[in-house]
Amino acid sequence: MIIEPNPTQPITMSFETWIDTFKPIRNPLAPEGNHDGFAFEIIDEHMTILRQTSKDRVWTLVSGDDGESLFLIEGLHLVNREGYMITERPWTEGQGGYEILVYGPDEDDGEPAEGVASDKETM
192 MIIEPNPTQP ITMSFETWID TFKPIRNPLA PEGNHDGFAF EIIDEHMTIL RQTSKDRVWT
252 LVSGDDGESL FLIEGLHLVN REGYMITERP WTEGQGGYEI LVYGPDEDDG EPAEGVASDK
312 ETM
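In terms of my numbering, the sequence shown opens at residue 192 and continues consecutively.
Check the hints yourself; a few may be wrong.
Said to hold, decoys possible - If you anchor each label on the Cβ, the simulated ranges turn out as follows: (1) ASP256 to ILE233: 13 to 21 angstroms; (2) THR199 to GLU236: 31 to 39 angstroms; (3) THR283 to GLU223: 13 to 21 angstroms; (4) ARG280 to ARG242: 14 to 22 angstroms; (5) GLU236 to GLY287: 31 to 39 angstroms; (6) PRO296 to THR239: 33 to 41 angstroms.
Bear in mind the hints are in silico, worked out from the structure with no lab data behind them.
Computed from a prediction, not measured in an experiment: that's the story for all the values here.
Backbone N, C-alpha and C define an ideal beta-carbon position, used for all residues, glycine too.
Input sequences plus hints: build the corresponding full structure.
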């Protein structure tokens, strides 16, 4: 049986599954930095790398509306951004998006925390 993604609901998965699936790359400017060296910060040198990367390999770390959760969502976003990550494998458009819980109060029950605001920047 093949389960088709729902185009109106985001695909959710654990951060560990996301790492195995999309293969994040280390930030060459901060290989020992945040999130095991995978995070790109909101500074000029890092943003230059992000803008030179194919948009389907860029992910945004965003804070949840609860103020305690951190999510990864596909693309380069501005609202609630905490940083960015780049992956070896691209994400796919038209599937309702992705919502990866990096950490938060609902992490232990398997349900993603609610309320991810976003404002995708045009690259």
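Inset, instruction - For ARG280 and ARG242, compare the CB-CB distance with the range 14 to 22 angstroms and indicate the outcome. - result: 20 angstroms, holds
Inset, instruction - Just tell me: holds or violated, for the beta carbon distance of PRO296 and THR239 against 33 to 41 angstroms? - result: 35 angstroms, holds
Legend entry - GLU223 and THR283 - C-beta distance against the hinted 13 to 21 angstroms: 31 angstroms, violated
Legend entry - C-beta pair THR199, GLU236: status relative to the range 31 to 39 angstroms that was hinted: Holds, at about 38 angstroms.
Inset, instruction - With respect to the beta-carbon atoms only, verify the hint that GLU236 and GLY287 lie 31 to 39 angstroms apart. - result: 33 angstroms, holds
Inset, instruction - Evaluate the given range 13 to 21 angstroms for the C-beta pair formed by ASP256 and ILE233. - result: 20 angstroms, holds
Comparing the model with each numbered hint stated earlier shows that hint 3 is the single one that does not hold.
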